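Going down the list, the sequences are from chains A and B. Sequential numbering from 1 applies to the first sequence in this note's numbering. Sequential numbering from 1 applies to the second sequence in this note's numbering.
I should point out that these hints are in silico values taken from the structure, not numbers from a laboratory. A portion of the hints provided could be inaccurate.
To be verified - Each computed PhoX-like pair below joins lysine-lysine, with the alpha-carbon atoms no more than 20 Å apart:
| # | chain 1 | residue 1 | chain 2 | residue 2 |
| --- | --- | --- | --- | --- |
| 1 | A | K224 | B | K290 |
| 2 | B | K220 | A | K301 |
| 3 | B | K233 | A | K220 |
| 4 | B | K304 | B | K317 |
| 5 | A | K78 | A | K136 |
| 6 | A | K98 | A | K136 |
| 7 | B | K220 | A | K309 |
| 8 | B | K105 | B | K119 |
| 9 | B | K119 | A | K224 |
| 10 | A | K220 | B | K224 |
| 11 | B | K220 | A | K240 |
| 12 | B | K290 | B | K321 |
| 13 | A | K220 | B | K290 |
| 14 | B | K308 | A | K220 |
| 15 | A | K92 | A | K119 |
| 16 | A | K308 | B | K220 |
| 17 | A | K93 | A | K62 |
| 18 | B | K92 | B | K108 |
| 19 | B | K157 | B | K289 |
| 20 | A | K289 | A | K308 |
| 21 | A | K308 | B | K157 |
| 22 | A | K309 | B | K224 |
| 23 | A | K233 | B | K108 |
| 24 | A | K321 | A | K308 |
| 25 | B | K136 | B | K62 |
Bear in mind the structure is a predicted one, so any value in this text is a computation, not a measurement.
Number of protein chains: 2
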Amino acid sequence: MKRNLLFILTLSVTLFSCTFTKNAEISNSPLSLWNESSVKTSIITFVESVTDENSSDFVPEKERIAVFDNDGTLWNEKPLYIPIEFIIDYIKKTYNTKPEWRENKLYKGLAEGDMSVLKEYNTIDLVTQLFAANDKQLQQEYFRDAYNFLSNNKDKKFNRPFKEMVYTPMVELIHYLQANNFKVYIVTGGEITFLRTVSEEIYNIPMENIIGSSVLLEYKSDEKGSYLVRTGKINSINDKHVKPVNIELHIGRKPIFAAGNSDGDYEMMEYTLSGNNPAMAILVHHDDKKREYAYMHGTEKAIKDADKKGWHVISMKNDFKEIFAE
Amino acid sequence: MKRNLLFILTLSVTLFSCTFTKNAEISNSPLSLWNESSVKTSIITFVESVTDENSSDFVPEKERIAVFDNDGTLWNEKPLYIPIEFIIDYIKKTYNTKPEWRENKLYKGLAEGDMSVLKEYNTIDLVTQLFAANDKQLQQEYFRDAYNFLSNNKDKKFNRPFKEMVYTPMVELIHYLQANNFKVYIVTGGEITFLRTVSEEIYNIPMENIIGSSVLLEYKSDEKGSYLVRTGKINSINDKHVKPVNIELHIGRKPIFAAGNSDGDYEMMEYTLSGNNPAMAILVHHDDKKREYAYMHGTEKAIKDADKKGWHVISMKNDFKEIFAE
């Protein structure tokens, strides 16, 4: 009886998962959107061994934590990070109603379409200033705006809504891990609420499994009800060494699977491989000029150290049958 | 076929849940550790209506979020909060190895057994100073120490290990909600990692569903590996208006069920009832001098406003068949 229940549970999870992988063949072979390669074999071997109760590599379900970066790992990040596109769009729309912004070089430049101002700041200063644009906005309005932006605005090169700029082989990998009772989290440098608005729809990842950068919120209760308001103060910039810190805050366990694409994911991948359980880390390399982009900037250190660290490098050109849904 | 699958899924969740409710009768009547009363009826009516697809009060599974305070709501909080007992124990054990602590009035007093020093600080100053005691401790050592403390140290009045000072009717309520596909979270003023060490064992609540007060951690990577170190800097004091803020950070949705026992839970209960979904809030009142404690201090405002706010007050004396496992 117990085995039957388990079988039916597994079956139902698998069926559930399949409905989200539109283009995947419904077959027994996992990762159907991946070309045959050593990295595909390594992923499948890893998953089969940690889920095999008779294997010395077996990992109990509650410890099967997988963490994925988002920008550049699960969806496109060029020419600009999509979360940054959203804030720029907001600044452009709001600029005329905020006279105080005229003194701000960054906001003024962006509102006037001068993207070169972005290069004048380091990441932390830039994120701090950009996040401050939504100061005093109601959290639920921000949520609505983010969902609408991702649904209605299109990437110019590919002419598809931003929320459809996802790499289908990576989404298939998420569903494969979920079908094997991994808890899958996204650990993004992007703003946490922004991604939550679409994470269930595009990845089948529940909102509470999104970990990201954030501002401090304020609780208010008045005649309008009880609600949250955004402030201009940074709570956390979820990049580099902060990723393992926020993994501990939100999850409390060391992951056994990590996927990243840049130096911002270096510590998360390193941390994932440092536990007592068997673990795996993959690094998505953008080398497909024809179907997406080819670039190395911002990922030099991770690519250079990948071999030494035991990280598997994914070639988007060679390992993915498709990049976006076809 | 679909209905059969659903039935078996529900059955298996129910069976799973029952194994955690040691003292509950395995029967069709939920909340067997609760006396018959209007509040018990209200809870069951609420759960049945939000899970009934034919009810206008139906709430989809992913929105069935329940939040529970911990100290005084799920386990005993007198004569001192258990998380505070833990830090005092650590200060006493460590005091002789830290000459710099001799200048600190709070640490000196506690090490010498003078509990009256606790009264000289407001909550925020007290928590800030107490949390700083574990500065520079490895996170994994802290985790081990917390688990050992909760397992091996006993409450003096009841002569049982701290981790067994849980209110069984409330644990039964958690399992009842889980069996009805609620995601149950704890939102505690206590330190987050401290509670995570036992949450799966004593409540069947996974570590990632614990939200609590926290210090900033530091990521280190060196010849010893990759690991996290505690600092003396507060990240968040999860009390009062901060509870809704951290609910948004960790979950991203408004709960539909909240349980608290003090003024520290006021905003969390208020926030829970402010959404568009049907929602319920309960306030555990300590009025059982014989079986536990009777007190009102720290909960005056919540008790006074309960009726007006629509919160259900639980009388531990009248509503609970037992307090601790018998």
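Item to complete: State the violated hints by number, sorted upward, taking the hints as numbered earlier in the document.
Response: 1, 3, 5, 9, 10, 13, 17, 20, 21, 23, 24, 25
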